[in-house]
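Go by the hints and put chain H onto chain A.
There are 2 protein chains.
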Amino acid sequence: MGYAPSPAWSPVEAAIEAFLAADATGRMQRYIDFLRIPSVSALPERAADCRAAAEWLAAELRRVGATRVEVSETGGHPIVVAERIEDPKLPTIVVYGHYDVQPGEPLDLWKTSPFEPTIRDGRILGRGSADDKGQIVIHLNALEALLATRGKLPVNVKYLFEGEEESSSVHLEAWMKANPERCTGDAVIISDTGFFEGNIPAITIGLRGITYLQVDLVGSYLDLHSGAFGGSIVNPANALAKMIAGLHDADGRVTVPGFYDDVIPLGPADRAAFAALPFDEAAYLAAIGPASVAVGEAGYSTVERRGGRPTLDVNGIWGGFMGDGSKTIIPAHAHAKISCRLVPGQDPAKIGTLVEAALRAAAPAGVTIEVKQLGDGHSFITPLGEPYLEAATHALRDTFGSEPLFLREGGSIPIAALFQQELGLPVVLLGFTPPDDNAHAPNESMDLANFEGGIRAVVRAFDAVAAMGATPR
Amino acid sequence: MGYAPSPAWSPVEAAIEAFLAADATGRMQRYIDFLRIPSVSALPERAADCRAAAEWLAAELRRVGATRVEVSETGGHPIVVAERIEDPKLPTIVVYGHYDVQPGEPLDLWKTSPFEPTIRDGRILGRGSADDKGQIVIHLNALEALLATRGKLPVNVKYLFEGEEESSSVHLEAWMKANPERCTGDAVIISDTGFFEGNIPAITIGLRGITYLQVDLVGSYLDLHSGAFGGSIVNPANALAKMIAGLHDADGRVTVPGFYDDVIPLGPADRAAFAALPFDEAAYLAAIGPASVAVGEAGYSTVERRGGRPTLDVNGIWGGFMGDGSKTIIPAHAHAKISCRLVPGQDPAKIGTLVEAALRAAAPAGVTIEVKQLGDGHSFITPLGEPYLEAATHALRDTFGSEPLFLREGGSIPIAALFQQELGLPVVLLGFTPPDDNAHAPNESMDLANFEGGIRAVVRAFDAVAAMGATPR
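Residue numbers (our numbering), protein chains in the order written: chain A, 1 to 473; chain H, 474 to 946.
Here chain A stands alone, though its shape is the one from the complex (with noise of 0.2 Å):
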């Protein structure tokens, strides 16, 4: 990714901004220390640094004057609840943020080891720097200063940091249904986001839905040779290769039947929304590999395809013979993860469904065909005009000195949905990554103009919330 220096951001008040200067060293050391614990959802090995990372996150909420603080049993990795309830009669944010992270793999890509963080030229190195470990400790730096200075919040929050983001929520829908109380308020911010190209500050008004799953195809009891064996019976990785083939037409279409019945087309308020953002596309290709070109679907712009428009797309395929050489074998078996990324009216369900019909449908006889649903999430949007989207805009403004864009974006957060549609709630995604953080990349980073900006407008926010007046509940 191209580099982009960060935008410069506004100090708040002196006795703020004081406290955090003496800070600074103590601040840093936190995140080095938060960074270090491989907490990686995906991988069963790493339940117990999973555990540990809430742990720690549980001790710092505890040390910076949060109440009620618990690390929360899911039956999967838990969740970490906390609050500062200054007077019920101030509106309460709902912060939420996760604490697990993506694996570190390929780690030969990586310019330092993922969790061994390394600051370098004004950023910090390390996965979960910027998804999402560095966005927690920002709200964790606002609400240790403004109670170290002011004594109390100007509003009422309860955090909820989760710990199976990377892994598609899974526990998180019935925790809450079964603790209600500790994710209700009258809002929800939602820090999991980021700037735009050129480091231009953005709130994420819409994100895509997902349904994940994995198809394993079985051809025989073993590994056959292929010179007894070849041309006779059908290969599963040949099969498996035509089966996905087969789910897009020349159009860039996703082929399953029924995948975009229910489609809520992008209006021509959506399209100009999407034609006005100061988008480089010619940056954009150039810096995602050595031959990119734009494709996908047809009659869509670059940005409508990454935002606006759904998706199928394989993230892993394995079988057969894999090492250094050649083995001459036909494979026993073959596999694929596929995902898609879903808008506004696709239920993640019913697609989740609809693909795997299309891919039993699509299995040839002889082979035997499994498909394993892996996780969903829903869409999201937040209305324009939303009272506490205002303040957020007023907080980025105020901090990073110009007008944030309203953006809407391909990436999943199934708990934006699941607080805006379950609970009712107005939900505003207020992040602060920079758009070269390599979120689930090697190298990830997490610039450290944008970490010192968010705490500053975590402090605004507040205060815009606050200046608000009463709560519109």
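All clues given are correct.
Calculated cross-link-like contacts (lysine-lysine; reagent style DSS-like; alpha-carbon spacing at most 30 Å): (1) H/K715 to A/K350; (2) H/K845 to H/K650; (3) A/K372 to H/K715; (4) A/K89 to A/K152; (5) H/K845 to A/K242; (6) H/K823 to H/K845; (7) A/K111 to H/K845; (8) H/K823 to H/K715; (9) H/K823 to H/K650; (10) A/K350 to A/K372; (11) H/K584 to A/K372; (12) A/K242 to H/K715; (13) H/K650 to H/K562; (14) H/K625 to H/K562; (15) A/K89 to A/K177; (16) A/K350 to A/K177; (17) A/K350 to A/K242; (18) A/K372 to A/K242; (19) A/K372 to A/K177; (20) A/K242 to H/K823; (21) H/K845 to H/K715.
Quick caveat, the hints were computed from the structure, so don't treat them as lab data.
Coordinates of chain H only, in the frame set by chain A:
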């Protein structure tokens, strides 16, 4: 594979039987010692084991009475050569085998450890027990028994045991050209094939050729977040699936332009010979997998598809996230190993070039493609009526009590074509493995009745060649 009882075998002369009876335990111990050495030629980390297997073999050849024993360098794994020249007027047989083996993986499917040979139910289990160490040991025991009892051989013999057969014999041809005197004679016996379904002795008179390549697609510098990028750029795993899917048409024919141009079509006699084989297709399919069906190139039978027609198969495919759970990435790269089995008329290097060209033509804009040619070998035919084939036929009939079948098999033994085409020698494939040997798969085994009969058949084959009288050269 279904298990069929091995045929009985007829003893040879009393003195040899007495010697072999006395040596029964020692013979089995040496077999086990040889199988213990994990001489996997495809794995760079097994190079020292390949050399150890070569040294073991050289020591055995010296012990039993071979002369000019040498572990000869090739630039890769060494070739072991030896000889026993009794009289320049006698015909000279060149005996070929290979001491390298396939990888043991997947280890969890073995009943025993692949390199801890185990005798069970009249069989010896272990990687290489059939393909091909067991057949080398047959020759060593026949040589030892003949010299120990008669003091000399009825023919001259040169032994050539290579260490790269499972890696496309990459250095063999150059070595043979550099060392013509070590590999020329009057005829070649290659012992790397086996019996037919039902344990009917067989001589393979046809083998398919091979060309093997690896294709590497790169889409991006790093794995990309499937939400942020999905739908807007080429996913190399999807692209690879589409490229592979396009390599066959709906009739199971390979679509690579020019692929069939040089194929010598199966004539009425060829098709009659295939049709005459006592092939139990239902049993064949049932043994392969739970859902196996007979599929392949339209217009051909299963035995024709296996032995008489060319193929294209994926031997391995990989890219992106292959672990447990879900990781939401667009893979940066995707890879496949692809090989073709070839028939008489097809030139392996030419076909490799055609497949590479077809893959390059099919790669979409947005990815870079690299293709590596990983080795090839010519197809092979032994003409019916060849005198050395007659001698081998007698030896099998007299030892195992039934007329051997003449087969055209699907596998590839590049050296067969090399001896035939480059050196102009008659080549006979005299092999002893049972049809359910699991070569290239977990639980490879040799039937000990085939092993013992094989020793007697080699003795009889040498005597039959001597009885032919003057050498045909």
